[in-house]
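Participant: Sequence:
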Amino acid sequence: MLTYMNCILLSLSLSAEVNAALIAFIGTFIVAIISIHQNWLTGKDNKKNLQRIAIIEKRQVIENKLNQFYIPLRHHLEHSKTLFKIFVKDKPQNFRTLTYLLDKNQIYGSNNVQVVLNKNDKSLIKTIIKVGTKIENLIHEKSYLIGDDIEFVQNYTPRTEYAHITYERDMTLLSLLISHLITIRMAFNEDLSGQINKFEGFVFPNEVNVRVNEKINELERKINSYDLEILKLNK
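In numbering that gives the first Met the number 0, the protein residues as written are 0 to 234.
Do not take every clue at face value.
Derived CB-CB ranges, DEER-like [to be verified]:
| no. | residue 1 | residue 2 | range |
| --- | --- | --- | --- |
| 1 | Tyr107 | Glu56 | 51 to 57 Å |
| 2 | Asp169 | Lys125 | 40 to 46 Å |
| 3 | Lys57 | Asn117 | 48 to 54 Å |
Cross-link-like lysine-lysine pairs, in silico, BS3-like; alpha carbons within 25 Å at most [claimed, not checked]:
| no. | residue 1 | residue 2 |
| --- | --- | --- |
| 4 | Lys129 | Lys80 |
| 5 | Lys47 | Lys80 |
| 6 | Lys80 | Lys103 |
| 7 | Lys141 | Lys129 |
| 8 | Lys88 | Lys118 |
| 9 | Lys221 | Lys231 |
| 10 | Lys47 | Lys88 |
| 11 | Lys234 | Lys47 |
| 12 | Lys231 | Lys80 |
| 13 | Lys103 | Lys90 |
| 14 | Lys64 | Lys234 |
| 15 | Lys221 | Lys103 |
| 16 | Lys64 | Lys133 |
| 17 | Lys64 | Lys221 |
| 18 | Lys57 | Lys47 |
| 19 | Lys214 | Lys57 |
| 20 | Lys103 | Lys125 |
To be clear, the hints were calculated from the coordinates, so they are not data collected in a lab. Ideal Cβ placement from N, Cα and C applies to all residues, glycine included.
Please model the complete structure; the sequences and the hints are all you need to start from.
Facilitator: Next comes the structure, spelled out in structure tokens:
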């Protein structure tokens with residue numbers, strides 16, 4: 000009888016040990032699963048953080064382009080354009096400021112119109128030249144932000160609607176713009192005169208306003224796209 004009872008007690012003792020071991024194993028297994036899951040989540044978060052940082056850096060590059068170069072350039076170009084519209088209101092259709100300043104005795108149109116600048120005209124040109132100096136300084140100081148924007152680093156080819164003017168070839172759009180600003184200032188100050196054929200390729204490139212506006216719109220779309228990517232990563 001005692002032997003039978005001892006067997007029962009031993010069996011119960013072994014069962015308790017097995018259960019304890021099983022419970023310990025299950026607990027360890029659960030902890031391991033939780034740890035693996037947490038590591039996976041941490042890795043996933045780290046990957047998201049790296050993606051987020053990369054996007055933010057790209058966004059910052061574009062924001063610098065916009066705020067430090069393209070938007071100020073557009074501001075100056077629009078200012079100059081507005082002043083020029085006022086200046087040419089009473090000028091003949093084919094009037095070109097640069098070529099006129101090189102030769103003020105030119106005759107325009109079938110009516111043989113000769114242009115004589117009045118005080119207001121001269122004041123407007125002076126102000127346009129001052130704005131042009133701001134554009135020059137901006138390009139010299141900040142044009143490195145352009146990077147690989149092909150519209151401004153490749154040689155300029157006018158689109159069809161601007162191709163009626165023969166611009167100097169083998170120049171970027173911004174180089175042509177700066178050359179115009181320098182030559183018109185020199186012509187106004189009478190440091191240059193005559194030789195219209197030599198300088199007529201450096202008249203103001205009207206398409207620059209269009210290209211700058213297009214680039215600003217393109218970069219703003221990129222920023223909006225990056226913002227959406229960041230929002231998705233934050234979810």
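Participant: Among all the numbered hints in the text so far, which are the ones the structure does not match?
Facilitator: Hint check: 2, 5, 10, 12, 14 and 15 fail, others pass.
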